[in-house]
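2 protein chains.
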Amino acid sequence: MAAPIEALAFDVFGTVVDWRTSIAREAACFFADLERPDIDPAGFADQWRGLYQPAMEECRAGRRSFVRLDALNRETLDTLLDRHGVTGAEEQRLDHFAHAWRRLDPWPDAVEGLTRLKARYPIVTLSNGNIALMLEMARRGGLPWDAILGAEVTGAYKPEPRAYLGTAEALGIAPANLCLVAAHHSDLAAARACGLATAYVDRPLEYGGRPAPDRHFRQEWDYLADSITDLATRLGC
Amino acid sequence: MAAPIEALAFDVFGTVVDWRTSIAREAACFFADLERPDIDPAGFADQWRGLYQPAMEECRAGRRSFVRLDALNRETLDTLLDRHGVTGAEEQRLDHFAHAWRRLDPWPDAVEGLTRLKARYPIVTLSNGNIALMLEMARRGGLPWDAILGAEVTGAYKPEPRAYLGTAEALGIAPANLCLVAAHHSDLAAARACGLATAYVDRPLEYGGRPAPDRHFRQEWDYLADSITDLATRLGC
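Protein chains in written order, with our numbering: chain A, 8 to 244; chain B, 8 to 244.
Read the hints as simulated data drawn from the structure, not as lab findings.
What you are looking at is a predicted structure, and each value in this text was computed from that prediction instead of being measured.
Incorrect hints may have been included.
If several chains are the same, the list does not tell them apart, and a pair holds so long as it fits within one copy or across any two.
[Unchecked claim] Here are the simulated SDA-like pairs of lysine to any residue, each with C-alpha atoms no more than 25 Å apart in a straight line: (1) Lys125 to Thr94; (2) Lys125 to Arg146; (3) Lys125 to Thr240; (4) Lys125 to Gly149; (5) Lys125 to Asp77; (6) Lys125 to Pro48; (7) Lys125 to His103; (8) Lys125 to Leu242; (9) Lys125 to His106.
Build out the structure end to end from the sequences listed, making use of the hints.
Written as structure tokens, this is what we have:
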């Protein structure tokens with residue numbers, strides 16, 4: 008028999024918020040201002056997201072000490088703009104664009120689903136996003152987190168075990184009593200390897216309708232849901 | 008001219024919640040169960056609180072690595088029960104009593120005041136309490152924190168500078184743009200020394216009406232308020 012769930016920890020980018028549409032929207036404005044309408048905003052969002060794992064890998068592999076995601080997002084932005092030959096953007100404008108990751112819109116079901124789940128369970132972030140990023144996103148989108156945990160609090164990026172185990176420890180509960188909610192099979196697989204319970208939320212539009220890059224990690228998860236409101240219903244909230 | 012406030016960080020024990028009344032209430036039950044009505048519950052609360060600074064000092068002085076407050080509370084409880092010759096309490100009951108610090112009632116103005124302030128400023132904890140403690144207290148009392156920061160996130164107990172500076176850093180803002188809200192002059196003095204703005208909230212009943220032990224740290228703070236709702240009014244919220 009499975010251990011009872013005492014808290015829910017959420018992956019955020021892709022699971023709770025729609026990064027692709029939001030980044031594409033800001034990219035469209037950014038490139039319009041620079042008179043570079045030839046750069047496809049949604050494609051740029053995909054490329055930017057594509058640099059996310061390699062940037063974190065430098066930290067995970069120990070070649071670099073822990074760096075907040077806000078800073079990595081700025082570095083990968085610079086790399087990408089360089090590849091596209093984009094020049095002439097002011098420093099302040101670049102910082103603002105790098106912070107577009109703080110201004111991602113929640114999926115339509117997220118606020119209602121989280122609010123229902125929160126009535127019964129503590130809900131926390133278990134994201135690779137840093138605290139300031141998650142806080143601004145939550146205030147802007149109305150995400151009612153009980154606490155912002157994850158990478159910055161544990162000093163480790165997922166899928167490092169310390170990110171999952173340190174989050175359970177901060178909550179004062181056993182890993183088996185913590186359930187990760189994520190739209191990503193790779194994230195859930197790493198959480199399960201640490202002893203966490205797992206809830207998959209399907210987000211078929213995360214990559215604009217294309218297949219998820221981590222689909223080969225698919226397993227039978229403890230819970231399967233179409234949305235966060237659906238998960239709330241399945242958990243009796 | 009003072010830097011604009013971009014976020015408010017709150018001391019919690021004494022400033023937002025009334026530890027003395029809440030601990031005394033649980034102590035009364037605990038000692039009644041053990042048939043020790045001779046132990047004064049409010050006096051016991053004062054004695055327990057009295058062991059708080061010395062316990063943290065072991066960590067601050069580097070004689071011990073950082074330990075979560077939940078664990079320190081259990082250690083100081085054991086010490087105090089030993090002094091009173093209290094024996095025979097079950098392990099589970101002791102753990103529950105040590106967690107009484109998670110179940111402190113907010114002062115009557117706290118929830119309304121925080122809610123008003125939150126509409127304009129990010130509000131975070133900057134407490135020596137650990138994350139699990141602060142989270143349970145917030146859910147029980149309805150404290151609408153945007154994030155739980157402070158000792159556990161920075162790895163340092165107040166009044167160490169790292170507790171204040173690390174909190175500003177996690178928020179991605181300069182120390183001068185962060186305002187500490189506290190009922191304790193010593194806490195505010197340490198925050199000011201780190202460059203933070205300061206708001207004093209008067210809590211004359213914190214020590215049951217007796218003078219505060221840190222009154223010699225009194226200075227002219229940036230803001231003075233009688234309650235958190237009063238502070239909200241003074242900040243135009």
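Here's how the hints hold up against the structure:
{"no.": "1", "hint": "Lys125 to Thr94", "result": "neither (45 Å within a copy, 39 Å between copies)"}
{"no.": "2", "hint": "Lys125 to Arg146", "result": "both (16 Å within a copy, 9 Å between copies)"}
{"no.": "3", "hint": "Lys125 to Thr240", "result": "within (13 Å within a copy, 30 Å between copies)"}
{"no.": "4", "hint": "Lys125 to Gly149", "result": "both (13 Å within a copy, 12 Å between copies)"}
{"no.": "5", "hint": "Lys125 to Asp77", "result": "between (27 Å within a copy, 23 Å between copies)"}
{"no.": "6", "hint": "Lys125 to Pro48", "result": "neither (35 Å within a copy, 34 Å between copies)"}
{"no.": "7", "hint": "Lys125 to His103", "result": "between (32 Å within a copy, 23 Å between copies)"}
{"no.": "8", "hint": "Lys125 to Leu242", "result": "within (11 Å within a copy, 30 Å between copies)"}
{"no.": "9", "hint": "Lys125 to His106", "result": "between (27 Å within a copy, 21 Å between copies)"}
The structure is inconsistent with the numbered hints 1, 6, although it conforms to all the rest.
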